[in-house]
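Asker: Sequence:
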Amino acid sequence: MQFTSESVEALVEQFAKLPTIGRKTARRLTAYILKMSREEVVGIAEALVAVKDNVTTCTVCYNVTDHVPCPICRAPRRDRSVLCVVEEPNDVLAIERTNEFDGLYHVLGGVISPLDGVGPEDLRVRELVQRVHDGHRDPLEEAEDAPAVAIREVILAMNPNVEGDTTSYYLGQLLEPFGVRVSRIARGLPIGGDLEFADEATLTRALEGRANL
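Those letters in the sequence shown? Residues 277 to 489, by the working numbering.
Hints may be right or wrong, so weigh each one.
[Claimed, not checked] Derived lysine-lysine pairs resembling DSSO-like cross-links, with alpha carbons at most 30 Å apart:
no. : residue 1 : residue 2
1   : Lys300    : Lys328
2   : Lys311    : Lys300
3   : Lys328    : Lys293
4   : Lys311    : Lys293
5   : Lys311    : Lys328
Just so you know, these hints were derived from the structure itself, not from any lab.
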């Protein structure tokens, strides 16, 4: 097949490599790029390169960051006794948008999924256990004998699916000997939802997580 522009087709091929992007969407994105000014396109290109050159993993919570440790781990006003365990860095952003959580995070890097060949050893489970065991030390404190803040609660913020349930159960059993409170975020009906359209599993979770008025 002969293409009118090899450059256009090359960009379409690159866009099509992205998740959820088919060739039709890739062509639309390419057409939009062609209409943009050169300065705007250069800005996008520079941002893409900067992501690869500057973004790294926080050595404390394993979230993505430009500086180690990340701003959340360095923030002096965060509650260092509460740890929220999430699957991926995007989950940290979702929780931060609520402005309701002021503790620290631990990014597992996925969930336990035997069908996909992912076990506990493939996640940052050992690092989580170590943090709970040692407590949280100020990452900016250089002294090795600096006092650590004991972890009093671990919140499991896994997605509500089979893999998330499996991972939460495994972590709950693993952390039980440490005597810390292990909780999981509530699940149930969304705000604005109707009971008649909810499935049985969602209603069951809503009843189990009911709260006093």
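Asker: Please list, smallest to largest, the hint numbers that this structure does not respect.
Answerer: When the structure is compared with the hints, none of them turns out to be violated.
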